[in-house]
Amino acid sequence: MKNLRVTTTILAMAFVGLTAMSCKDGQKEDSSATMDSEVSQEQASTSKSNAQNPESQQVLADYMVLKDALVATDGKAAAEAGKKLESTLKSIKLDSYTSDQQKELKEIVESSTEHAEHIGRSDMAHQREHFQMLTQDVTDMVAITGTENTLYQQFCPMYGEGGAWLSMEKEIRNPYFGSKMMKCGEVQKEIN
Amino acid sequence: MRILKIIALILLVVFIGIQFMPTERNQSDLVPKTDFLLVNNTPENIGKLLQVSCYDCHSNDTAYPWYNRIQPIAWFLEDHIMEGKKELNFSEWDAYSNRRKNSKLKSIMSQIRDDEMPLFSYTLFHRDAILSDVEKQRIIEYMKNVQDSL
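Protein sequences, first through last, are from chains A and B.
Per the working numbering, the first sequence starts with residue 1, numbered consecutively.
Per the working numbering, the second sequence starts with residue 1, numbered consecutively.
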């Protein structure tokens, strides 16, 4: 009897093992990251009603949540924000733009989706690396879509060959170093 | 003892069984027009390094080891290659927008600089894919040039 049970167990395990292996192509499910709306998100959404493109406004809001998570050196929150940004980017509509702008925006969305996806599943160092590239994308996006918010383009020369980021506040709070070098940086440009 | 025999038998059956499950081979005789080395006219010494250390997982043409004939190793490698190509495919380099080329180049440089690539699990079996410090420096400098020429 005992033997039979053991055999059945082994068979079951072999079956499960095989099934698991043959499912390797199954898509990893997106854990639907529902973020609590945080301060910067609310700020960004206030002008939603008269913004030309609510999705790009939401991209900016998600970006700010991500930026704040990096300032706090909170990898988990940053990953959540990355996932949220990834799903927002999927919903972006480009109909209202000229074909040249659409082409540019498409490339921006494609590129930033890749960065957001990496941020969603990487360690802090890697997240910051992709955040730097994402910043370029979001900055270029805003140049096309415009924004109702006043943005500050800030820059810290200590990160790599220099790291830029966008913020809604003038005050420097560094997302590349967090508390290690919170004040590194300066406002380079005011957008809007 | 009987149980052990049964286990061994089952494992053997499973092992033989999975040998018949097909995998897709990542091989191509043509060098596509979009290939990184072709598009950038990469010098041969750099090209060789990239082919040996990167192209197995980051292009459409893998030089398979003999043990790729054995399951489940073949599955493992297939997964690996699929993932590698998703991140960066040198064979389709020119299909990337300049924006993406730029970020791929940045990532290539930082991954090589930080010894994250080539993967340890890869160099473990491909000793010739290990990059020396000088080789790493050469690749990074070259990638920087490509980046500046975008």
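None of these hints come from the bench; they were simulated from the model.
Everything numeric in this text was worked out from a predicted model, so none of it was measured.
There's no promise every hint is true.
Straight-line distance between alpha carbons at most 30 Å, and here's what the computed BS3-like set of lysine-lysine pairs gives [stated by the list, open to error]:
(1) B:K48 with B:K5
(2) B:K106 with A:K90
(3) B:K86 with B:K5
(4) B:K48 with A:K103
(5) A:K106 with B:K85
(6) B:K136 with A:K170
(7) A:K76 with B:K48
(8) A:K90 with B:K48
Some chain A residues close to chain B (C-beta under 7 Å, calculated; not the full set) [what the hints assert, rightly or not]:
(9) E107
(10) S111
(11) M133
Glycine included, C-beta positions come from ideal geometry on N, C-alpha and C.
Tested hints:
| no. | hint | result |
| --- | --- | --- |
| 1 | B:K48 with B:K5 | violated, 50 Å |
| 2 | B:K106 with A:K90 | holds, 24 Å |
| 3 | B:K86 with B:K5 | violated, 43 Å |
| 4 | B:K48 with A:K103 | violated, 35 Å |
| 5 | A:K106 with B:K85 | holds, 21 Å |
| 6 | B:K136 with A:K170 | violated, 40 Å |
| 7 | A:K76 with B:K48 | violated, 40 Å |
| 8 | A:K90 with B:K48 | violated, 39 Å |
| 9 | E107 | holds, 4 Å |
| 10 | S111 | holds, 5 Å |
| 11 | M133 | holds, 5 Å |
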